Amino acid sequence: MANGKNKNGKMTLSKLARMVAKGFEKTATKEDLNELKSEMNARFGKLEYQVDEMHEILNRFEEGDILDLQKRIKIVERAVRALAQHLNK
Numbered sequence: 045m046a047n048g049k050n051k052n053g054k055m056t057l058s059k060l061a062r063m064v065a066k067g068f069e070k071t072a073t074k075e076d077l078n079e080l081k082s083e084m085n086a087r088f089g090k091l092e093y094q095v096d097e098m099h100e101i102l103n104r105f106e107e108g109d110i111l112d113l114q115k116r117i118k119i120v121e122r123a124v125r126a127l128a129q130h131l132n133k
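For the sequence shown, the numbering used here assigns the number 45 to the initial residue and increments by one for each residue that follows.
Since the hints were made in silico from the structure, they are not lab data.
Since we're looking at a predicted model, the values are computed, not measured.
All residues carry an ideal CB built from backbone N, CA and C; glycine is no exception.
Any given hint might turn out to be false.
Restraint-style ranges between C-beta atoms, simulated for each label pair [stated by the list, open to error]:
hint, residue 1, residue 2, range
1, K133, L113, 30 to 38 Å
2, F68, L111, 58 to 66 Å
3, G89, K118, 30 to 38 Å
4, V95, K74, 24 to 32 Å
5, I117, F68, 33 to 41 Å
6, K133, D109, 48 to 56 Å
7, Q114, E79, 41 to 49 Å
8, A128, D76, 31 to 39 Å
9, Q94, T56, 54 to 62 Å
10, I119, Y93, 30 to 38 Å
Work out the full structure: start from the sequences and follow the hints.
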C-alpha cells in the first residue's frame, strides 16, 4: 500500500479510518451500558417485589378459598351479563 492506497488505488488509510470511526458512532458507551444496567436492575427489583407479593397472597389462601372465590366471580359475571342484556333491550 504505497501512499495509503490499496491495490486498486481507491482506498486510503484516512478513508478507512473515517469508515471505522463512523461505524462506532452509534455504539453504546460504557456510561450508556451502566445506565441501562441500573434501569434494568430497578425494573427487575420491582418485578421481583411484585412476584413476592403475589406469592405471599397465594400462600394466605387455602385451595378451598380460591375455589370459593372462583365460584363467587362466576356468579358476579353472570349477574353482570344478565344486567347488560336487560339494559340493552
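Now for the hints, and whether the structure bears them out:
Range check, K133 to L113: about 31 Å between beta-carbon atoms, so the 30 to 38 Å window is met. A hinted range of 58 to 66 Å for the beta carbons of F68 and L111 is consistent with their spacing of about 60 Å. Hint check: G89 to K118, Cβ distance near 36 Å, so the stated range 30 to 38 Å holds. One distance hint, 24 to 32 Å for the beta-carbon pair V95 and K74, holds here, with the actual separation near 31 Å.
The hinted range of 33 to 41 Å is not satisfied by I117 and F68, whose Cβ atoms lie roughly 56 Å apart. In this structure, K133 and D109 break the distance hint of 48 to 56 Å, their C-beta atoms being roughly 37 Å apart. Checked against the given bound of 41 to 49 Å, the beta carbons of Q114 and E79, roughly 44 Å apart, stay inside it. Range check, A128 to D76: Cβ separation about 51 Å, and the 31 to 39 Å hint is violated.
One distance hint, 54 to 62 Å for the beta-carbon pair Q94 and T56, holds here, with the actual separation near 57 Å. A C-beta distance of roughly 33 Å is found between I119 and Y93, which places it inside the suggested range of 30 to 38 Å.
Hints 5, 6, 8, counting from the list given before, are not met by this structure.
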